[in-house]
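S.K.: In case you want the letters, here they are:
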Amino acid sequence: MPEFKKATLKSGLRIVAETDPRSYSMSLGYFVRAGARNERDPQSGLSHFLEHMMFKGTKRRSAEDVNRELDELGGQSNAYTSEEQTVYYATVLPKFQDRIVDLLTDMMSPVLDEGEFETERQVILEEIAKYEDQPPFGGFERAMEVFFSPRGLGRRVLGTPESIEAMTAARMRDYFLQRYRPENIVVAASGNVDFDSLVSEIEQRTGDWASRLPVSDVPDDDLNTLPEGIQLDTRLATPDASQAYAIMIGDGPSSASPDRYAARLLASVLGDEGGSRMFWDLIDTGRAEIATCWPQEFSDCGSWFTYLVCAPEDLQSNKKFIQDIVTKLLEDGVGEAELRQAINKTTAGYIMQSERPSNRLFSIGSRTLMHDEYMSLDATLDRIKAVDENAISRVAKEFLSAPAMEIIASAASDAEDTSAASN
Amino acid sequence: MTVLAQPMPWLRTAAFTLSLRAGVQDEPMDQSGLSSLVCEMVQRGAGHHNSRDLVAIQDNLGMDRNSGVATATVSFGGAMPRESIRDAILLYADIVRRPHLPSDQLDDALMMMLHELRAIEDEPAQRVMRRLREMHYGKRLGRGSQGTNESLSSLTMKQVQEFYQSHYNATESILTVAGDIRPDEIFAIAEEAFGDWKSGEPCPMPVPDGNPGYEHLQADSSQTHIGFSFPNIWYGHKDYFRMRAGIGILSDGMSSRLFDRVREKRGLCYTVSASCHSLRNAGGVFGYAGTTPQRAQETLDVTLGEIQNLADDLEQQELDRWKVRIESALIMEQESSASRASSLASDFIQIGRAMPTEELSAMIESLTLDDVRDYWKQHQPADYRIVTLGVEPLTVK
Chain A
0 MPEFKKATLK SGLRIVAETD PRSYSMSLGY FVRAGARNER DPQSGLSHFL
50 EHMMFKGTKR RSAEDVNREL DELGGQSNAY TSEEQTVYYA TVLPKFQDRI
100 VDLLTDMMSP VLDEGEFETE RQVILEEIAK YEDQPPFGGF ERAMEVFFSP
150 RGLGRRVLGT PESIEAMTAA RMRDYFLQRY RPENIVVAAS GNVDFDSLVS
200 EIEQRTGDWA SRLPVSDVPD DDLNTLPEGI QLDTRLATPD ASQAYAIMIG
250 DGPSSASPDR YAARLLASVL GDEGGSRMFW DLIDTGRAEI ATCWPQEFSD
300 CGSWFTYLVC APEDLQSNKK FIQDIVTKLL EDGVGEAELR QAINKTTAGY
350 IMQSERPSNR LFSIGSRTLM HDEYMSLDAT LDRIKAVDEN AISRVAKEFL
400 SAPAMEIIAS AASDAEDTSA ASN
Chain B
0 MTVLAQPMPW LRTAAFTLSL RAGVQDEPMD QSGLSSLVCE MVQRGAGHHN
50 SRDLVAIQDN LGMDRNSGVA TATVSFGGAM PRESIRDAIL LYADIVRRPH
100 LPSDQLDDAL MMMLHELRAI EDEPAQRVMR RLREMHYGKR LGRGSQGTNE
150 SLSSLTMKQV QEFYQSHYNA TESILTVAGD IRPDEIFAIA EEAFGDWKSG
200 EPCPMPVPDG NPGYEHLQAD SSQTHIGFSF PNIWYGHKDY FRMRAGIGIL
250 SDGMSSRLFD RVREKRGLCY TVSASCHSLR NAGGVFGYAG TTPQRAQETL
300 DVTLGEIQNL ADDLEQQELD RWKVRIESAL IMEQESSASR ASSLASDFIQ
350 IGRAMPTEEL SAMIESLTLD DVRDYWKQHQ PADYRIVTLG VEPLTVK
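One line per chain: the protein sequences are A and B, in this order. According to numbering that gives the first Met the number 0, the first sequence is numbered sequentially starting from 0. According to numbering that gives the first Met the number 0, the second sequence is numbered sequentially starting from 0.
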């Protein structure tokens with residue numbers, strides 16, 4: 000059985016691991032509380048831009064060295080940035096543990112070179128352009144902006160072309176010193192891990208991190224203005240799109256809420272890609288390409304997304320179908336067999352995911368960073384199995400009764416009245 | 000039917016892949032999309048179960064399932080908790096052998112396929128790669144599995160039944176199972192499920208008939224999307240890994256040449272990559288880059304330049320890094336029953352047998368830098384197919 004271990008260094012840096020000597024690999028990750036919600040207007044997109052720059056060299060390694068050594072260790076390594084955190088991770092064979100610990104830890108002290116900063120600015124602008132071309136053409140970002148306001152959780156993770164054009168390396172260095180302090184960081188590991196060695200290596204290599212302090216303050220945002228490059232129209236004009244894309248957003252449970260498991264099962268019953276109520280009414284019948292819903296959990300609040308993709312002329316009738324499905328669930332609740340099916344499917348999914356240590360890493364690291372808590376796989380499975388019909392009804396009433404905010408991306412002007420709200 | 004079973008007793012799961020010779024290449028030319036339609040229709044009720052029952056059983060078995068058609072085959076598969084494997088295989092025997100093919104659901108299934116086509120229309124990178132594939136392999140082997148607006152509007156229930164009757168059988172079929180299983184039990188289940196299924200002569204492989212050239216798709220997009228390909232040998236060819244190592248050096252990992260020289264050093268794009276693709280009698284290297292219009296020409300020129308000059312300055316370190324990458328991937332494949340079951344099946348489809356991990360590992364280990372260099376010196380990439388999508392075309396030399 001996997002075993003959980005935890006150490007907290009004097010600096011406040013936390014190290015956690017779920018070790019299993021039978022694993023063929025080990026995964027290591029740095030989880031940092033640095034996400035879009037931590038940024039102010041002049042810093043918009045900085046967490047993500049900084050994530051790219053962390054691969055661009057340290058005092059001991061050039062940018063080329065970093066990429067080359069990551070490849071020499073043969074595993075899979077990457078990074079991502081979200082609203083609440085930035086994560087750097089790698090999965091390697093256990094014999095490479097010391098080398099990957101050295102490399103990832105060294106990367107957490109970047110030089111942030113000016114020349115590299117300028118080149119990478121172009122890559123970020125390309126990344127923004129890439130997503131502009133992909134469905135739903137910025138619709139999810141717009142939904143977050145409108146629902147949460149364009150600051151805090153609604154701030155765009157990639158920033159805007161305007162904010163990235165205006166970014167300076169000096170501002171990035173300050174942001175780094177402000178966010179990458181030991182108390183904001185968790186090191187997580189999973190799989191075939193030598194934990195004692197991990198702790199002593201990290202302790203030895205991170206001694207000076209506590210001295211990180213920002214040089215200057217960033218002024219508070221003026222909440223009476225919109226950040227540059229931001230619009231709040233609920234209608235996105237996409238003249239070339241052949242389909243219509245509708246995103247509905249409302250409240251959902253946070254990742255601390257005991258109701259989060261019931262909400263996940265409710266989403267499975269309503270909107271799972273195979274076998275849910277929306278699947279049978281809208282997908283199996285060929286009425287829509289996508290009709291689904293899911294809770295998106297953040298540390299202190301949450302949202303509930305519904306996503307519909309179909310021909311523009313069918314948008315209204317399909318929205319009605321979804322509304323009727325939700326209304327029926329609010330009135331009649333969920334059936335026993337239907338709930339059992341959702342539980343069986345969900346628990347099997349967790350078991351299969353956990354087979355690779357790399358998948359467990361994210362759950363262990365994020366949970367510790369946000370809630371300082373450990374949830375074993377079996378504890379998670381028990382919580383899912385304990386959800387009953389009453390819990391589903393309660394969660395549905397709490398989150399699906401109120402009208403949701405709606406964002407539409409479509410070419411056809413008759414697809415939607417922008418002021419409409421739906422469940 | 001060939002049955003391959005690989006025990007992985009350290010896992011809690013089992014997975015299977017079932018592949019039949021009922022892929023895109025077997026569709027009549029004017030019935031594009033038929034193989035995908037049949038793949039969808041067989042899952043709308045089979046044996047004693049209607050389509051809702053089928054999904055309920057699969058969910059209760061905890062199956063993470065998938066299905067789809069490729070050029071030569073249709074495949075069904077899934078991963079699940081180990082105790083579900085017997086019921087799952089028997090259920091799929093119903094699906095492929097005793098489907099209801101309900102004619103009242105044909106329109107729904109066709110609508111689903113039309114949505115998929117529209118989805119591709121809205122994804123520029125997919126549009127580019129779909130057109131590129133057709134240019135590369137020709138109309139028969141290179142066409143997409145989703146059909147076209149015209150072909151989908153003409154497909155009939157009779158065509159579905161005929162395609163099902165002539166192609167859903169044991170001919171050159173393969174069932175692979177990996178995970179916490181016992182091979183003798185799997186063979187007994189397979190015998191019970193498929194033992195009396197008829198088998199015949201496979202249809203011959205069509206000949207590839209693609210042509211080099213350049214096409215531009217006009218669109219008001221933020222980026223110019225660039226797809227390129229050139230013919231190459233396929234998996235199963237004796238020189239395959241000499242060739243594959245070169246593409247690994249070009250595009251596998253963050254220190255690979257395309258990532259380093261096109262993205263990291265020049266900042267030209269966010270996505271740039273190249274990879275190998277194999278059919279049974281043809282292959283190719285396919286690449287993609289997405290970049291804003293003012294930098295698109297430079298991106299294309301630098302990318303193709305890197306490919307053209309690949310063999311000039313190969314370094315031992317580059318090959319070594321690629322070898323560690325492959326070795327690690329092979330070892331980590333032991334952690335997933337689904338990934339092992341699907342590799343076993345694709346090996347069988349491509350080379351007619353399972354490639355043991357040790358054999359593959361030894362072959363990779365024995366490659367020398369001269370092997371790779373000689374291959375690429377003797378086989379300079381040529382006959383490029385190039386497709387771009389964006390506000391204006393590029394200059395192609």
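For the record, the hints were derived by calculation from the structure and aren't laboratory data. Any given hint might turn out to be false.
Okay, derived cross-link-like pairs now, DSS-like style, lysine-lysine, Cα gap no bigger than 27 Å in a straight line [said to hold, decoys possible]:
#, chain 1, residue 1, chain 2, residue 2
1, B, Lys396, B, Lys376
2, A, Lys384, A, Lys4
3, A, Lys58, B, Lys264
4, B, Lys322, B, Lys264
5, A, Lys94, B, Lys264
6, B, Lys237, B, Lys396
To list a few chain A residues with every Cβ distance to chain B over 12 Å, as calculated [claimed, not checked]:
#, residue
7, Tyr23
8, Ser24
9, Val110
10, Asp132
11, Glu182
12, Glu202
13, Ala209
14, Val214
15, Arg263
16, Thr346
17, Gln352
18, Asn358
19, Glu372
Glycine is no exception: its CB is placed at the ideal position from the N, C-alpha and C atoms.
S.K.: Hint by hint, say whether it matches the structure.
M.R.: How the hints compare with the structure:
1. B:Lys396 x B:Lys376: holds (21 Å)
2. A:Lys384 x A:Lys4: holds (26 Å)
3. A:Lys58 x B:Lys264: holds (19 Å)
4. B:Lys322 x B:Lys264: holds (24 Å)
5. A:Lys94 x B:Lys264: violated (31 Å)
6. B:Lys237 x B:Lys396: Given pair lysine 237 of chain B, lysine 396 of chain B is violated - Cα atoms ~32 Å apart, limit 27 Å.
7. Tyr23: violated (5 Å)
8. Ser24: Non-interface label fails for serine 24 of chain A: nearest chain B Cβ at 5 Å, not farther than 12 Å.
9. Val110: Fine: 15 Å to the nearest Cβ keeps valine 110 of chain A off the interface.
10. Asp132: violated (5 Å)
11. Glu182: holds (30 Å)
12. Glu202: Glutamate 202 of chain A clear of chain B: closest Cβ-Cβ about 28 Å, beyond 12 Å.
13. Ala209: Nearest chain B Cβ is 30 Å from alanine 209 of chain A, so the label holds.
14. Val214: holds (27 Å)
15. Arg263: holds (15 Å)
16. Thr346: violated (7 Å)
17. Gln352: Violated, since 9 Å does not exceed 12 Å.
18. Asn358: Answer for asparagine 358 of chain A: violated, closest chain B Cβ roughly 10 Å.
19. Glu372: Nearest chain B Cβ is 25 Å from glutamate 372 of chain A, so the label holds.
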